[in-house]
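S.K.: Sequence:
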Amino acid sequence: MAATPLVPTALLESPSFQLERLRKRTRDEVEVALAKEHTGLREYWVLTCLVEESAASQTALCDLLAVDASDMVRLIDSLEKHGWVKRERDQKDRRRQIVAATKKGRTAQKKLREFVTEAEDRALDESTSKQLKHLRKLAKAIIALDVD
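1 is the number of the first residue of the sequence shown in UniProt numbering; add one for each residue after it.
Just so you know, not all the hints are guaranteed correct.
[Claimed, not checked] Here are the simulated DMTMM-like pairs of lysine to aspartate or glutamate, each with C-alpha atoms no more than 20 Å apart in a straight line:
| # | residue 1 | residue 2 |
| --- | --- | --- |
| 1 | LYS137 | GLU31 |
| 2 | LYS36 | GLU80 |
| 3 | LYS111 | GLU53 |
| 4 | LYS110 | ASP68 |
| 5 | LYS140 | GLU20 |
| 6 | LYS140 | GLU37 |
| 7 | LYS36 | GLU114 |
| 8 | LYS24 | GLU126 |
| 9 | LYS104 | GLU120 |
| 10 | LYS86 | GLU53 |
| 11 | LYS140 | GLU53 |
| 12 | LYS103 | GLU37 |
| 13 | LYS111 | GLU31 |
| 14 | LYS130 | GLU120 |
| 15 | LYS110 | GLU29 |
| 16 | LYS137 | GLU120 |
| 17 | LYS133 | GLU120 |
| 18 | LYS104 | GLU126 |
| 19 | LYS104 | ASP77 |
| 20 | LYS110 | GLU120 |
| 21 | LYS36 | ASP77 |
| 22 | LYS111 | ASP121 |
| 23 | LYS110 | GLU20 |
| 24 | LYS111 | GLU52 |
| 25 | LYS103 | GLU88 |
Treat the hints as calculated values from the structure; they're not laboratory data. Please read all numbers here as calculations on a predicted model, not as lab measurements.
Turn these sequences into a full structure, and let the hints guide you.
M.R.: Right, dumping it as structure tokens:
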């Protein structure tokens, strides 16, 4: 069996490499957990946004989640097939679609949130609670800079 090559120090010290490895590790674990419910991470993100905000335009969701408009349509189609969201025309602007979580969607989001949390915990199981606290704080700070 071939030995696994050592990761170069320059990569281990690179934030982009570190974040990509962290993203892959957590995303892979979460996607496996959500697949059991016939959904995925991006659908979970959209559903969570809708549950938290109660309604949003597709454009606002695209901007918030950095998702292409055509991908957002597919994500919402998938959520709609589950009965978790519904689309309605905006009464103020008929060109705009408003998407809202259904009661079934709110219930599903709570269940999915548990799966996501458990999967993230598994992916990061070697991290201490102090390390995770620092990771969350750093991530919030970076994301806040991007939103401003």
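S.K.: Does the structure break any of the earlier hints, and which numbers would those be?
M.R.: Hints 1, 4, 6, 9, 18, 23 not satisfied by this model.
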